[in-house]
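K.L.:
If you read the sequences in order, they're chains R and F. Just add 10 to the spot in the first sequence (first one is 1) and you have the numbering used here. Just add 236 to the spot in the second sequence (first one is 1) and you have the numbering used here.
Worth double-checking, as some hints may not be accurate.
[Said to hold, decoys possible] Here are some, though not all, of the chain F residues that point toward chain R, as calculated from beta-carbon distances under 7 Å: (1) Gly-285; (2) Leu-290; (3) Asp-291; (4) Pro-311; (5) Lys-315; (6) Leu-320; (7) Asn-326; (8) Ile-328; (9) Tyr-330; (10) Leu-339; (11) Val-340.
[Unchecked claim] Quick list of in silico lysine-lysine cross-link-like pairs, DSS-like style, CA-CA up to 30 Å: (12) F:Lys-442 / F:Lys-297; (13) R:Lys-417 / F:Lys-251; (14) R:Lys-417 / F:Lys-244.
Simulated from the structure, these hints should not be mistaken for laboratory data. Computed from a prediction, not measured in an experiment: that's the story for all the values here. Every residue gets a Cβ at the ideal spot worked out from N, C-alpha and C, and that includes glycine.
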Amino acid sequence: MLLVKRAWLSVSRRAGKSVVLLLIMTVIFTALMAEASVRGSMQALRESVSRGVPAGFVVRSGSGELSLADAQSVGGVQGVTAHNYVRGLTAIPSSLELVEMPASGVELSGDVAPEAGVSGVTRSDLIQGFAAKQYDLVEGRHITDGDHNSVIMHQELATKNGLKVGDQVTLDRDGKSVTMTIIGLFTGTSRKASLPSEMAENTFFTDLASSGELAAGQELTEAQYLVTSADDLNATIARAKELPLPWDTLQVEDNAKSFAGVLSGIATVEGLLNLMLAGMSLASIAILVFVLVFWVRGRVHEIGILLSVGTTKGRLLAQFLIELSMIALAAGALAVLASGQVSHMLGDFVVGQATGTEDGQSGANIPPPSFAAASAFDLGRAWLLGCAVVLMSAVVAMIPMLRLKPKQILSKMS
Amino acid sequence: MSVLALEKVSYAYDKKSRKLLEKVTTEFEEGTFYAILGGSGAGKSTLLGLLAGLDIPTSGKILCNGTDISEQGLPRHRKRNVALVFQNYNLIDYLTPLENLRLVNHGADAGVLEKMGLEKEEINRNVMKLSGGQQQRVAIGRALVSDAPVILADEPTGNLDEETAQDIIDILKAAAHDEKKCVIVVTHSKQVANAADVVLRLRGRKLVA
Numbered sequence: 011m012l013l014v015k016r017a018w019l020s021v022s023r024r025a026g027k028s029v030v031l032l033l034i035m036t037v038i039f040t041a042l043m044a045e046a047s048v049r050g051s052m053q054a055l056r057e058s059v060s061r062g063v064p065a066g067f068v069v070r071s072g073s074g075e076l077s078l079a080d081a082q083s084v085g086g087v088q089g090v091t092a093h094n095y096v097r098g099l100t101a102i103p104s105s106l107e108l109v110e111m112p113a114s115g116v117e118l119s120g121d122v123a124p125e126a127g128v129s130g131v132t133r134s135d136l137i138q139g140f141a142a143k144q145y146d147l148v149e150g151r152h153i154t155d156g157d158h159n160s161v162i163m164h165q166e167l168a169t170k171n172g173l174k175v176g177d178q179v180t181l182d183r184d185g186k187s188v189t190m191t192i193i194g195l196f197t198g199t200s201r202k203a204s205l206p207s208e209m210a211e212n213t214f215f216t217d218l219a220s221s222g223e224l225a226a227g228q229e230l231t232e233a234q235y236l237v238t239s240a241d242d243l244n245a246t247i248a249r250a251k252e253l254p255l256p257w258d259t260l261q262v263e264d265n266a267k268s269f270a271g272v273l274s275g276i277a278t279v280e281g282l283l284n285l286m287l288a289g290m291s292l293a294s295i296a297i298l299v300f301v302l303v304f305w306v307r308g309r310v311h312e313i314g315i316l317l318s319v320g321t322t323k324g325r326l327l328a329q330f331l332i333e334l335s336m337i338a339l340a341a342g343a344l345a346v347l348a349s350g351q352v353s354h355m356l357g358d359f360v361v362g363q364a365t366g367t368e369d370g371q372s373g374a375n376i377p378p379p380s381f382a383a384a385s386a387f388d389l390g391r392a393w394l395l396g397c398a399v400v401l402m403s404a405v406v407a408m409i410p411m412l413r414l415k416p417k418q419i420l421s422k423m424s
Numbered sequence: 237m238s239v240l241a242l243e244k245v246s247y248a249y250d251k252k253s254r255k256l257l258e259k260v261t262t263e264f265e266e267g268t269f270y271a272i273l274g275g276s277g278a279g280k281s282t283l284l285g286l287l288a289g290l291d292i293p294t295s296g297k298i299l300c301n302g303t304d305i306s307e308q309g310l311p312r313h314r315k316r317n318v319a320l321v322f323q324n325y326n327l328i329d330y331l332t333p334l335e336n337l338r339l340v341n342h343g344a345d346a347g348v349l350e351k352m353g354l355e356k357e358e359i360n361r362n363v364m365k366l367s368g369g370q371q372q373r374v375a376i377g378r379a380l381v382s383d384a385p386v387i388l389a390d391e392p393t394g395n396l397d398e399e400t401a402q403d404i405i406d407i408l409k410a411a412a413h414d415e416k417k418c419v420i421v422v423t424h425s426k427q428v429a430n431a432a433d434v435v436l437r438l439r440g441r442k443l444v445a
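Same shape as in the complex, but just chain F (with noise of 0.2 Å):
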């Protein structure tokens, strides 16, 4: 079931620039992971951008759920729909990890941080002490407890040595195959893309299989 959708989706800077993306019409469904992979400057962040509703697109339409992101708000789209995983984790410097995953969801515990591999102590310390594997399994634990029925990850191993990278891709993909999210993953890492149930490529401003 479709859970967010492009329709005809164009997007430049401005006027006088050149288009980014044009006419992007593509589907994402729940309890799959996708990696959308592209070249630097192909629109692989701007793309992403505008599925979290950061930005509007210059013309077409973001769906989630069936209905059109810009009619609801796109503060409330990126409160319910969405949950962003950036490559730089962007914690919350003065809270400890169990407090950042509070701020999506008062009632979080730390269960889903002690299932990421975070010990007791590490959850009650400052998240900027943390190793940067850890960080980054925060930012996930953040977006599982959000309800989010999406995940939007923009490089999220890039930071990252292979073998820290592989634990959050598996953790990703337990998110999209056991919790049933849509995981949407924006990369260069063939890592990733192999991990992918679904692999698209943004080529000649096209989002294509």
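In isolation and in its complexed conformation, chain R is listed as follows (with noise of 0.2 Å):
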């Protein structure tokens, strides 16, 4: 007889025995499964953070001026990958009617023109809101440098006004009207707004070139710099500072702080999550080679019938081995079912705990972290670390019975 057909009559016909492992193996895999999944989030949540939170800086008009050459003087600054000037100001959208305030309990003057934010940019996909997915472009294109007389708006303002992609704007300010082709329209809310114009729905993202015609000569508000690596960022900006600029009216501000909470909050849940599988693993080995000692005892009989008609003990471990991964495949498929549920509860507050926030809101502009479900390879190789586990505990199990002579075997039979 096959020894995979022996095994599968084994466990089929041995149903009781077969279940209780069954249960066993299910509640290690599940546990394995989840801690695979929270392993997962805290890896989305280090992406996330350093998606939304790329390291690092930002020069600002401060007290003084900050020209577009001085900007450009920093940007070409070793370490520095790249860059995004930034000018902000107000202008009235020509014939758009702008979408309202939610109910605030502020009430707004009448003789408050209906002003909209704008933000002129040399790249739109790293300003803040988008890089930390707080927006999204759901439809075009990004502003990129080189651009003119494009603009990005958001789509609940543009479905207000019956416009899309393609058709244009005009922007008025001081006398001054700039018309502008709209590339792209994005979705997303602010976090805070007191004025429309604050509303990520009654703001306009426009190339750096038509902010600079509508605010005649307006230096720029901010520039935005990304470094090469975290570890690169105060020699970056060392280097910066050698530059001949204004600096004692400019303000310069890394965003290291920012995320450095959230990272060292995810290190240590990942120390727990570390010293959790080496436990979890530790007892389920020793919870498992308990049961297993049990398992091989009771089938000392069989042991003996097969080694008595010529079944060598490395086709007798086989046999229970590939028995344990029949039933081992079966504990996973249940694992991958309820590992799921106990993995949003556990991923959710391990996640929260992380960021530091229990409404995971983590207040550096760090996207909002939320459960991330592992994935198939994860699952896959929990389950396989699992089977590991479950392999181990066996071989663990028999040696003592491996260890007898067959007629010690078979006088234990008797």
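Got two chains here, each in a separate frame; can you build the complex from them with the hints?
P.N.:
Encoded structure:
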């Protein structure tokens, strides 16, 4: 009889014992898969932090002025990998009806002009809101350096005014008027807005040149710079400060602090997860060895018979491992179903702990943390780890029996 | 022709124990039904275990078809050369009679069991639901389909009533005479001894006729 067939007959016809093992393995696999899911959430959070808050620094006008030439000179410093120059202002969109503010209890005077927020940028994808997934470009493309008379606007505002990508909008400010083509639509909301122009729905992202035409010579509001890595951040800022710029009137702010807390939280949780995994693996091995020792002892009769008909100990071990693998396969499938629920509960809690917030708002423009379901690869890896634990436990449990001579085993039988 | 032989075989459980067997030399031939008698503790089952390759002698050699069984490997000896029948049947409890036969021969069919008096329905029933006599028939059936030239039986009738025991003796005798197997039975039973072609006795640590 083939080894696999014998293993299957043993598993299926000794259903009670198989079900006990199935339940134990399901609990172990569920714990391992939940751990993999939580670890996946931590990784997703880490990536989200890196994406949302890539290492960099911002130079703001402060009490002085930040000219485009000065900003460009900083952009040429070694270590700077990308830049975005921003000119923030307000303007009145011609013939457009703005999105109204939700009821906030603040009454605006009827004399307040219906102004929209305008951000002239060289790369809209580097705007914090887009990088942190607070905003999402749903149609068209981003503003890039070299664009002219181009604008990205909120989808809700566009819908309200019957506009679409390719249509034109005109912005007015202090008697100047600039007409631009809509190249993209975005969605998303602002965290805080006390005026309609501060709402994401009423914000226009234009190319820098168009904002310059509207602002009539107004200098930049800020310049954002990304650096190669967080490790290079301080050195790059130091190199920038060697440039002959009016640093006493400019503000320089790096963003290391904004993600350091979260990364430290992630590292702490990951450390705990590693400890938990090690503890869980050892506990699982101990429990399984205990259960499997009895499982093997209960089969001493069968072991003796098989040895007496010439089956080698190696083939005996192989049969038992195949049986356990069959049960482990079923336990893996059950654990995938069970771990989904457990992971969600555990994942959201642990991610919240890592970001130091209970409501999922991390403060430093970090995207709201959430549970990320483990990938099939992670679940597969957890299952393989579980199988390794099971098989290792089985080998440990069988060692005392395998060390006996066939005659000693047959003596135990009688 | 000698199929199994003992050459000056001695055995003790350990160095400090007294020897159970001392320089035992004998030969077993095919087509012959042997009965080995001896008192309790004389070493009958130990001798059978040595012949089966379940244990190794303290000194001396056991030859199968002229080859030392320890040289060819004991699992191989148990698989190819000998088939064991025990007093308590030793069948695998989650298999049917036919599946128990297929442990030693993938191609075994129900014919052997039918010849030994099992009904078709019994052949596919769980083996533990058979009577003692039926289980012993299955155990002997397993020995017969194994193609091993030697059948070693340890008190095969010990748990059976006289009538069933006679049936089992007849089956073993037929295996020796019709199938040309070398059948060696260790027993207390005079019924078995009376049916044997050769009766050997374990006396004073020696095997004597």
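K.L.:
Sort out which numbered hints this structure fails and list those numbers smallest first.
P.N.:
Per hint list: zero violations.
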